[in-house]
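Here is how the chains run, residue by residue.
2 protein chains.
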Amino acid sequence: MYFCSKKRLEDKIKTFSTFGATQNGGITRYSLSKEAHQARDEFKRRMEKIGAQVYTDDLANMYAILKGDGTKKEKIVMASHLDSVKNGGNYDGVLGVLSAMEVLETIHDQNIPHHHDLVAMVWTNEEGSLYPPAMMCSAILSYEDLPSSFKDCFVEETLLNSRSVLNPNETFKDALEASPYKGDKKNRLNKKDYLAMFELHIEQGPILTNNHNDIGVVTCVLGMCNYRIKIYGESDHAGTTPMKYRKDALYAASKVLLYLHEQLDKLPKDLVYTTGEIICQPNVHTVIPSYVEFSLDARHENPDVIKEVVKIIHSLPNEVEKCRVKPVLAWERDTVYFNKTLVDYVLKASEALGYTHQYINSGAGHDAQMISYVLPTTMIFVPSKDGHSHCEIEHTPLENCEKGVNILLNAVLTCDKNFEK
Amino acid sequence: MYFCSKKRLEDKIKTFSTFGATQNGGITRYSLSKEAHQARDEFKRRMEKIGAQVYTDDLANMYAILKGDGTKKEKIVMASHLDSVKNGGNYDGVLGVLSAMEVLETIHDQNIPHHHDLVAMVWTNEEGSLYPPAMMCSAILSYEDLPSSFKDCFVEETLLNSRSVLNPNETFKDALEASPYKGDKKNRLNKKDYLAMFELHIEQGPILTNNHNDIGVVTCVLGMCNYRIKIYGESDHAGTTPMKYRKDALYAASKVLLYLHEQLDKLPKDLVYTTGEIICQPNVHTVIPSYVEFSLDARHENPDVIKEVVKIIHSLPNEVEKCRVKPVLAWERDTVYFNKTLVDYVLKASEALGYTHQYINSGAGHDAQMISYVLPTTMIFVPSKDGHSHCEIEHTPLENCEKGVNILLNAVLTCDKNFEK
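Going down the list, the sequences are from chains A and B.
For the first sequence, position 216 matches number 715 in our numbering, and the numbering has no gaps at all.
For the second sequence, position 80 matches number 579 in our numbering, and the numbering has no gaps at all.
Everything hinted at is true.
You can't tell identical chains apart in this list, so a pair holds if it fits in one copy or across any two.
Calculated pairs, SDA-like style, for lysine to any residue (alpha carbon to alpha carbon, straight line, at most 20 Å): (1) K566 <-> L694; (2) K672 <-> N686; (3) K681 <-> Y554; (4) K884 <-> E733.
Quick caveat, the hints were computed from the structure, so don't treat them as lab data.
No experiment lies behind these values; they were computed from the predicted model shown.
Chain A extracted, bound-state conformation:
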C-alpha cells in the first residue's frame, strides 16, 4: 500500500482556504471569480512543480497530467471543483482537487510506477452559484450520453448564456472569455482518451460520522423527482373579507404540505424528501394570498419508491379549501450506479488500509454523476463534521482527509494496473 504526505496535504488545505476566505473561517469562491483564479494559479504552480503538464479546455476545465510509462494510451482522471457556494466551507469540492494533487505529488515524490497518464482535474462551475445550474460543465461534456429526460436542462448554448445572479448583464460565456484559463475544445475529457474517473468528496450528511466510519464507498447517486406544487386562491383585503368568502392559497398550501409529509412518511425510512422553497403572491400581510407554489424534492435509490412518491403527489385532491391544486413535474432522474469494479477497488483499499468504512449512496449531485454516463466512474466519501456542508463551519478533520487520499491513491493505482473498459 502507498501513503500520501499528511503534512503536504495540510499545507494545501490551509493555502487554498485563503482564496476567497470569509470572516468566519469559510470561503466565497464563485467559479471564474478573482478568488477562483487565485486557486487555479496555485493549482497550476504546484502541478507544474512536479512536472505535470497543465492545460485547459474551452470551458476552462483544468487538467494536470502526470505522464505514465507509455504502455497505455488512456488517461485516468481524478476530478472535483474549486468553486464554492456563498459563505461555503473549505472542503466541499476543493478537497477532491487537493486529493488528486496529493496523489500525483505522492506518485512523483515516491517515484511510483504507473502505466497510464494520471490526471488531476478541476471542473469549472460545479456549484453554479453565480451562473446556474450546478454541474454545468460536466453536463456539457456528457451531453451526448445523458438520458433524454436530462438533455433539455443542459443545452450548451443555453448554459453559456446563463446570467450572473449578481449582474444580469453578464453571462457565463462573458466570464469564460475573460478568463486566462479558457482553452481549446479539443482538450475536453472524452470517452476515447480516458479510461476512468474518480471523485473524492465530503459526504455532506451525517451518516459516516454517526456510524463512526472513515470512508464511504459510494455505490450510486440517488434517483429523484422534483415537483412544483401550485395552489391557486384569490387575493382579497385582509380587513374587509369575511372568513367564509376567502380562498386563501397559503392556508391551502399548508394543508397540502402537511398531507404530503404525512403520506410520504409512510414510505421507506431512507427516502429523503424536502419542501425547501415557497413562493407566495402577493405576499403582503394585509392581503389574502392568491397564489402559492412550493417545491418537493424526493430521492431514493429504488425507482419503485420514487414511483410511490409520484403516486402520492398525484393523489392530491384538485381542490383544497376552495383553492385549485396543481402538481407539476419539474424534472426527474433515475438512480445512477457507479462502475462496480471501481467501487470494489475503493472497498478493497479500505479493507487493506484497515479504515472503517461502509457502502453509501450520494443524495447530492456531483460531476461524477454526469461523467458516469460517459466513463467508468466512482466516488469516495469522507465524513464532514455533523454532516454540515455549504456553510462556513463545514469541517473534515485532517486525519479523515488523509485517509481519503490514501484510498484514492491506492484505488487509482489498482485501476492503473488492472482496469479495462
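Position chain B against the provided structure of chain A, taking the given hints into account.
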C-alpha cells in the same frame, strides 16, 4: 334634501380614470407620480372653475375651499386620496375625492347656503405603494394625538426618508421637493381651524353587496393586532440529510399556521384574520429551510376578542418539530370609533333619501381613522362589486356612487347647520 348631478359625477369618474390608466381598465397612479400630478391638475382646474380657492401644505396635501357665509370660522372637510396601488381600480380613494368635488360643485351650482367654509381635500400618499407606509400624511398631521402604540411607526423624519420601492436612491422627501404641489406647513389641516371630517370610500368587501344595501353607515375602524410568527430550524442538504435528523422550519411553520387557523376559527365568526406574508430562508429547493416567518393580522371591533387572539398566539408551544417558535408583536391598535353625531347624520340622510343601508365597520385602515384622533370624523361606504378592491376589476356602479354623494352632500349640510364640537 339636496341631489348632486349624476352626469357631472360620471364625467369626473371617466376623466380621472384616464390618469395612469392601465391596459385592463384599472390605474397605476403612485402618489406624486406624473399621473398623480395630472389628476391633481384636473382637481385644481375643476375646483377653481367653481370659485374654490386651492392651496397645499408642506406634504402636498391639497385643499379646495368653498367659502361659507362668514358666520362660522371652522372648516368642514371632505377628504380622500387620488393615489392607487399598482394595477388598482378607479374607485378606491379617488371616489372620495370626486364625491367631495361633486358636493362643492352642487352647492355652488344650486347656490345652497352654508355657514362654514367647505373643503374638498386630497391626501398625499394614502396607499404608500411607492413610499411606505400607508396613511403616511394623515398620520403625520395627527401625530400629537395618536395613541402611544402608534407613534413609533409614524415619526415624521423617518417617514420623509421613506425610500421608493422602485428606486432606493429616491426618498419621499425628494418626490415632495420635486412636486409643484408642495406648499406651506401652516396650511396643514388642524384641530383649531377645522370642525369635522367626512370620508366617502368604497367598502372593499362583499358585505353591502351581499346584503343588497346601497350605503354603509360606518361606525368604527376595527381594532387589530399584527404578529410575526418566527420559526427557527436548521438548513441542511436536501439529498444527504436523513429525515430523522432534520429541523425543517417550513414543515414546522405549516403546522403552526394550521394550529392557529384551527384555534382562531373557534372565536366569533366576524373575526377576520390573515396569514398573508411568508418568508423562507434560504428558500432553495435543494436545502432544508432554516428559518420561516409569517404574518398574522387579526381584526375585530371587540378588544376582548383581540385579547383571545393574542392568548391563542401565546399558547403556541416553544418548539414544534424540533424548531423553535417565537411570536413577535409587530403592532396593534384599538378599535377607533367615529363621532356618534356625525354617524347619525349619515344614518338620517340614508333614511331620508330612502336608500337601503346598514351599520358597518371598516376592516381596512383609512386617513379618516388617523384624523379621528384629531377631529370629529366619520365615513360613508358604498358597495364595490363582489367586494373586489386594489385590483383592476374594482367597480362601483354609477348609481351607487351617486347615492353615496347624495348622502355626503346632505350629511355635510346637516353638519354645517347643527354640529358643534
